[in-house]
Amino acid sequence: MPDVIRKDGIHNDDLWTLVSAPVEGESLQLPDGPALLPVTVWNENQDAFAGRNDIGVWFDSHDEPETVAGDLNQLPLIAVNFPKFTDGRGYSIARLLRERHGYTGELRAVGDVLLDQLFYMKRCGFDSYVLRADKDINKADGCLNVFSNAYQAAVDVKEPLFRRRTA
Amino acid sequence: MYVYDEYDRQILTERVAQFRSQTDRALAGELSEEEFLPLRLQNGLYVQRLAPMMRIAVPYGMLRSVQLRRLARITRDYDKGYAHFTTRQNVQLNWPAIEDVPDILAELAEVEMHANQTSGNCIRNTTTDQFAAVQSNELIDPRPYCELIRQWSTYHPEFAFLPRKFKVAVNASDSTDRAAIQVHDIGIEMVRNDAGELGYRVYVGGGLGRTPMVGPVIREFLPELDLLTYLEAVLRVYNRYGRRDNKFKARIKILVKAMTPAGFAEKVEAEWAHIKDSPTRLTREEIDRVKTFFTEPDYQSLENEPSALVSARGESKAFDNWVKRNVDSHKQPGYSIVTLTLKKTGVPPGDVSDKQLEQIADLADQYSFGEVRVTHQQNVVLADVRQDQLFELWKTIVPMDFGTANLNTLTDIICCPGGDYCALANAKSIPIAEAIQREFDDLDYLYDLGDIDLNISGCMNACGHHHVGNIGVLGVDKKGEEFYQVSLGGSSQRDAAIGKILGPSFAREEMPRVVSKIVDVYVERRTEEETFLDTYRRIGIDPFKERVYA
Ligand code: HEM
Ligand code: SF4
Numbered sequence: 291m292p293d294v295i296r297k298d299g300i301h302n303d304d305l306w307t308l309v310s311a312p313v314e315g316e317s318l319q320l321p322d323g324p325a326l327l328p329v330t331v332w333n334e335n336q337d338a339f340a341g342r343n344d345i346g347v348w349f350d351s352h353d354e355p356e357t358v359a360g361d362l363n364q365l366p367l368i369a370v371n372f373p374k375f376t377d378g379r380g381y382s383i384a385r386l387l388r389e390r391h392g393y394t395g396e397l398r399a400v401g402d403v404l405l406d407q408l409f410y411m412k413r414c415g416f417d418s419y420v421l422r423a424d425k426d427i428n429k430a431d432g433c434l435n436v437f438s439n440a441y442q443a444a445v446d447v448k449e450p451l452f453r454r455r456t457a
Numbered sequence: 366m367y368v369y370d371e372y373d374r375q376i377l378t379e380r381v382a383q384f385r386s387q388t389d390r391a392l393a394g395e396l397s398e399e400e401f402l403p404l405r406l407q408n409g410l411y412v413q414r415l416a417p418m419m420r421i422a423v424p425y426g427m428l429r430s431v432q433l434r435r436l437a438r439i440t441r442d443y444d445k446g447y448a449h450f451t452t453r454q455n456v457q458l459n460w461p462a463i464e465d466v467p468d469i470l471a472e473l474a475e476v477e478m479h480a481n482q483t484s485g486n487c488i489r490n491t492t493t494d495q496f497a498a499v500q501s502n503e504l505i506d507p508r509p510y511c512e513l514i515r516q517w518s519t520y521h522p523e524f525a526f527l528p529r530k531f532k533v534a535v536n537a538s539d540s541t542d543r544a545a546i547q548v549h550d551i552g553i554e555m556v557r558n559d560a561g562e563l564g565y566r567v568y569v570g571g572g573l574g575r576t577p578m579v580g581p582v583i584r585e586f587l588p589e590l591d592l593l594t595y596l597e598a599v600l601r602v603y604n605r606y607g608r609r610d611n612k613f614k615a616r617i618k619i620l621v622k623a624m625t626p627a628g629f630a631e632k633v634e635a636e637w638a639h640i641k642d643s644p645t646r647l648t649r650e651e652i653d654r655v656k657t658f659f660t661e662p663d664y665q666s667l668e669n670e671p672s673a674l675v676s677a678r679g680e681s682k683a684f685d686n687w688v689k690r691n692v693d694s695h696k697q698p699g700y701s702i703v704t705l706t707l708k709k710t711g712v713p714p715g716d717v718s719d720k721q722l723e724q725i726a727d728l729a730d731q732y733s734f735g736e737v738r739v740t741h742q743q744n745v746v747l748a749d750v751r752q753d754q755l756f757e758l759w760k761t762i763v764p765m766d767f768g769t770a771n772l773n774t775l776t777d778i779i780c781c782p783g784g785d786y787c788a789l790a791n792a793k794s795i796p797i798a799e800a801i802q803r804e805f806d807d808l809d810y811l812y813d814l815g816d817i818d819l820n821i822s823g824c825m826n827a828c829g830h831h832h833v834g835n836i837g838v839l840g841v842d843k844k845g846e847e848f849y850q851v852s853l854g855g856s857s858q859r860d861a862a863i864g865k866i867l868g869p870s871f872a873r874e875e876m877p878r879v880v881s882k883i884v885d886v887y888v889e890r891r892t893e894e895e896t897f898l899d900t901y902r903r904i905g906i907d908p909f910k911e912r913v914y915a
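Residue numbers (my numbering), protein chains in the order written: chain A, 291 to 457; chain B, 366 to 915.
Please note that the accuracy of each hint is not assured.
As the list claims (entries may be wrong) - Heads up, incomplete: computed chain B residues facing chain A, CB under 10 Å, no partners named:
hint, residue
1, E379
2, F526
3, S643
4, T645
5, Y664
6, D807
7, T896
Bear in mind the hints are in silico, worked out from the structure with no lab data behind them.
Glycine residues also receive a C-beta, built at the ideal position from the N, C-alpha and C atoms.
Looking at chain A on its own, in the form it has when it is part of the complex (with noise of 0.2 Å):
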């Protein structure tokens, strides 16, 4: 089980499984406990798992949140999957979900996820992360915080330096 780190700190308690899509032929295995599911797979079966607060989502970086039928706020967690830390994608991902589709729960980086991208993403609007296992988490909040302003807008803080700069 791996750590997860959230703006309170290291949680080393969380029982999130991501599960795969089945592949051709194949019907879905949910595991024991809450269960991220490809985003693909809930779109199919929304009705099946409304409701529940143990089932989740993920988006692979190609994954479009523009593809999401139906209320993503009824969804206790989002996970982005970054399959290479250089693949950028999963940021535009984060801020759509954010900004476009109005997403207010977890929003979880898996992945490839290093230290030195957790500050782009925390401002493209994650507040969970789970840092690849062979990095050390102590340092997280360092990297987190690395700067202390911007000059863009993005999630977490919604107007650009230009509209804040005092002269």
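Given chain A, work out where chain B with the ligands should sit, using these hints.
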């Protein structure tokens, strides 16, 4: 020029500290080579054939004299005492030690400089016309808009891991284009619409490199305040849909081509509709605030063509030639724009020593309000020189090797570092530049030939812009031997075009002779008013082919 406030200073200080920590972790083995790569690239650090190489940003080409002096000191203390001006208005050091880079960045930060996003798959330094705000034919000074783009793009959280690098250039003159905007990922041309309102024509998907393309217009008119939201929409579409499976097909030009310019534009418009009124939309106050940093210097009221200048030109043919070639007219009476050429035969184009950097700083202080501009042709501009001081300036710069009166001629060559420095090179490029400069050492002949862009790259990455040279030279590898392919008819100006390949490539020692033959055809076939490019466009490539391969 823009001056940092507390916010800018703090953000940059934190960046230096961040990179120091990243370098420490990399040296301690906590960051793998692969993980450190994009971090160091986005701080300007490449690892090259012989040593690391560091690219320092010069936002839209502007440098103050204190910055030049600091660069000089850095090249002396951390490098071998020289630096290289690049074709994107930046400065490169060729031999810094990796462990020194955080200290170099700290020294740069003290003079409001950095190496942010000068490399890597992110939004790079925004470039513009080196004659911005001093030429008479200009809609508006483009530099405040470049600064707005600089701030918006600096550490943009969404666009630090794009499919590939991303370059933006801005032009504000409707008669020239010294920023080569049509061969950039985004080219921005400042325009007025029929109602007289200020805005931008937006080109997307130009670029050189492996698949050279002239960018199509994807929006004819974008209102002034909408600049950043629209850029954000373009970048978001690119970040989401640009190809990531193949490095050679990852530039935005490939996406624009695949979607068609109209299809791409539609996608951008749809994205933009959601964010055009977001807080990222510029405000009049912010534009005005940034403009206050780009006010006119304290010009004296002077006359054009003062008698001191006229008589000096009469006395010295060499001075007169230099005025004709390297001095451009200025919007302010009594002032001129001077280009210091870094193209002396035998010196790699764009290279300067630490001492020369300090000399340029002194010249700037003495003759041009303490500022210079770097050009994408690898020269340096003193933008505000009094005409009655031109003669004195010229006498000062000739012994410094900045007075070669060959601006925009065949020997004002754009040339990448090539095989002498670059691990990716197929062939050397600097010795070719030198051999051609030696072949054409007769200035009167060069002046007779007029404006000709000759650009050389050591491989198809096109750092030397060979595709857009009127004459382009590309280093190729033929069974382990260095050969050179020639193309004709390229242009990076308003009439931007990609050159056409002449035919089979040549051995190095043939190159001066090949260029001579090409030039001979022009001289024989031109009409009185025609430039090389005009003649080429009229007669086509065949006469050149016949002569060269005869
Ligand atoms: C010596 C180390 C260098 C390396 C390894 C290098 C590498 C590259 C590569 C790989 C590309 C192609 C990128 C692409 O098409 O996606 C490129 C393009 C470019 N480089 Fe360099 N470069 C180096 C030095 C320079 C220097 C010194 C200059 C300036 C004199 C320069 C200016 C450019 C420019 C202007 C392009 C843009 C071409 C375009 O628009 O596609 N590079 N470089
Ligand atoms: S064009 Fe090729 S050889 Fe020249 S600097 Fe660029 S990558 Fe190196």
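Indices of hints not satisfied (ascending): Per hint list: 5, 6 and 7 violated.
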